[in-house]
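J.: Here are the chains, one letter per residue:
2 protein chains.
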Amino acid sequence: MAQMKPRTLSGFMELLPARQVQFDRMVEILRKSYSLYGFTPLDTPLIEASEVLLAKGGGETEKQIYRFTKGDTDLSLRFDLTVPLAKYVALHHNELSFPFRRFQIGKVYRGERAQRGRFREFYQADIDVIGDGKLDIINEAEIPAIIYRTFTDLGLKRFKIRINNRKVLNGLFALLGLEERAGDVMRTIDKLEKIGPEKVTAILRDDFAVPADTTRTLLDLLSAADPMAALAPFQGRNPLFDQGVEELSTVVKYLAAFGVPADHFMVDLTIARGLDYYTGTVYETVMLDHPEIGSICSGGRYDNLAEYYTDKQLPGVGISIGLTRLFFVLEDQGYLNDALNTAPADVLILPMTEDLSPAISFATALRQAGVRAQLHCEQKKFKQKLSYADKLAIPFAAFLGEDEVAQGQVTVKNLITGQQQTLSPAAGVELISAWLSGQGQAAPIREPEEA
Amino acid sequence: MAQMKPRTLSGFMELLPARQVQFDRMVEILRKSYSLYGFTPLDTPLIEASEVLLAKGGGETEKQIYRFTKGDTDLSLRFDLTVPLAKYVALHHNELSFPFRRFQIGKVYRGERAQRGRFREFYQADIDVIGDGKLDIINEAEIPAIIYRTFTDLGLKRFKIRINNRKVLNGLFALLGLEERAGDVMRTIDKLEKIGPEKVTAILRDDFAVPADTTRTLLDLLSAADPMAALAPFQGRNPLFDQGVEELSTVVKYLAAFGVPADHFMVDLTIARGLDYYTGTVYETVMLDHPEIGSICSGGRYDNLAEYYTDKQLPGVGISIGLTRLFFVLEDQGYLNDALNTAPADVLILPMTEDLSPAISFATALRQAGVRAQLHCEQKKFKQKLSYADKLAIPFAAFLGEDEVAQGQVTVKNLITGQQQTLSPAAGVELISAWLSGQGQAAPIREPEEA
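In order, the protein sequences belong to chains A and B. Sequential numbering of the first sequence, starting at 65, is according to our numbering. Sequential numbering of the second sequence, starting at 65, is according to our numbering.
Isolated chain A (complex conformation) (with noise of 0.2 Å):
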């Protein structure tokens, strides 16, 4: 027969076995993590008509969009899980409880470049708190505190959560007289880390006629050492400015309450988050070990979630994380926990007599009990059917043979320790059981050893 040669789609991430337990031990984390805060779970539609999805319209994402026709339908797949979070809330407001906080986790598609890392469909793991006209500054002050649990949780040690506020920002701005200029200002202050106070200085005169000693008084504070000391002098001039740093002592000082350690976090007036869409709290995250990554989770404060679908004023705070990036990052620095147990199942039963009778029995016994147990009873080598076991980091096997099988008992060998034992299937069974729940879920990151 002609066949076709297989493959996958470059950009389209594939995992083997081993590697999406891996995957789904940290989605796993991310579900349950989100829960304790109090979000529930949202699942919207891949695909959505364009006009909808592109009500903003403009830019890149246009670009990037896989946009279709089917019929006449014009169809485009989510981009983000923002648009469709602003058109769900608008069409189902009158049957949503406001606060309305959500997490989800799904894929979403951008046609990028192919290249090492970057990925056309990939995960995203947001949260997002809504209010109905309003919403209190201490949700705000909540986001790191479910950064820091998440990644913790995650097994990550040696991350920074970034904290900066857009009023703050733009407060400043009107203060040093570049207000009309402010978008362009952030947008270039965004590349300080990557292209150095010079640059930014000359960009800014050149481009935007900001004169040097500003730019000076403007770097002299972003970069201080005690932002917040540094803040103090300009305030009581402009109520936008005041008003920021007041958001910002407040979910610093929230911060602590709700548990985040103080070297989890910083102030970083640099912080901008580019574009208009954030208008007071804005985060990002870091791995210090890591910094040429970039932010592993971001997000901010905006005022007006759904001003393309409704008139009703839907202000929120959320963050990203973008999960197969992340994934691939970790993996590609060394930080998948190997520990971690993959195999697909707990115990590999080898019947070795012509009635399966027993061997079922005890593998049902095993799954009411919670054990994951896989019955080899294919017609291979005893020898083959470990190396099976093995390959897959099946921690147990067990044989019924006809011995066994006469005295209605089994044989049970962890595999890692190369301890066997005769007993009943029962006591075989609390066995495992009892391993298995001693040996807890390892983390899915565990950060490489220090130099």
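Everything labelled a hint here was simulated from the structure, so no lab data went into it. Treat each hint with caution, since some may be false.
A pair counts as met if it fits within one copy or between any two copies, since identical chains are not told apart.
Capping the alpha-carbon separation at 20 Å, the derived lysine to aspartate or glutamate pairs in EDC-like fashion look like this [claimed, not checked]:
1) K447 with D290
2) K134 with E115
3) K445 with D200
4) K444 with D200
Since chain A is already given, all that's left is putting chain B on it; use the hints.
T.: Showing chain B alone in chain A's frame:
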């Protein structure tokens, strides 16, 4: 601002939060059930190269498929999880261990005509066991046990798994001289329940020249009260038939060992599962009180999973649940269990002092104990906040007023029983934890009381 009316495409399910929790709970139970039988999770791209996805080509599939180009690449959305599995196994053959047992729960796309209960985007939940060259019959016997356990765990009681074997049917056709017309005869017989024996006889006689007495022999056999006994007289005349009968007997024999109650399965010789894909045991699962819904879980044994991609012989056995449609039907028929806890949080914390620190600490303590907690600090009236908890069915509220804060205490109210007490935060955590663990987790399906 000019606004776009928000809408969700027809044929695309989008659930409200409480329903979404119910759906997710079903998915969680499926994942757990499949895992207990040693299946590993898999996740493949939703988009594949069209030539890969359509390697088999032809038929309804091509008409319904979502196909489009991006740049100059011809892409398609997957229409099932079997073709991507075939591609995956052919592509990663050298890196997998066989038998390869995988489950996959994911969305698939078919551009069907929009009508009630028909979905264009829907979840399938599949399991398959793939052998390399060979695959033992025990796998075919284990599948109904997995179906039984899965639906039982979901909370469904009145269902029956119908089992047949394609070798029995094919052998029988050979015995009756219908070999050349086997496909046509099977497809016609597949309609027996829908159109009745008279019409089947007429179609077989008029369209396929099957003598009426042959049809009568066939239909008598197919509708026999004791199918295995009815098959006996035909044995010894056709090797394929004999092998099929032996396989069917083996499957039935082991079902008891696997713990499937006799009233939850039956041999049904009328089941053919259309087309030419299946070669051994085939399955359908019906809800006893809703036969009109058709099979809610179907599948069978096939000899060659990936013949369009590889010369390797990859026999397998698998089943698929159309989860979105099943969920729609269950809701429609009143089978969704309203006793399931669908609240986004277990406790709503209501601080009533300026300083939120004690409330935040209590929230943190609850979350550390695995209790889902939400702080409600919005500027709303006390009554509104309680009504919020009520609407979301949050079982507990915790109040921290001046008195509580002064005494380092918290008032916990069970919103279901109305009981309320003021106690230390630690005792509050314990009280709530104990109540929650006493509740357990209800099954997502509950059958309506019989009339």
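J.: All hints are to be evaluated individually against the structure, with a verdict given for each.
T.: Do the hints match the structure? See the list:
Proximity of K447 to D290 under the C-alpha cut-off of 20 Å is found in neither arrangement, the shortest distances being 65 Å within a copy and 43 Å between copies. Taking the shortest alpha-carbon separations for K134 and E115, both the intra-copy value of 14 Å and the inter-copy value of 19 Å come in at or below 20 Å. Taking identical chains as interchangeable, the C-alpha atoms of K445 and D200 lie at most 20 Å apart only when they sit on different chains, with a minimum of 14 Å there against 66 Å within one chain. With identical chains, the CA atoms of K444 and D200 are at most 20 Å apart between copies only, with a shortest distance of 11 Å across copies and 65 Å within one.
When the structure is compared with the earlier hints, a violation turns up for hint 1 alone.
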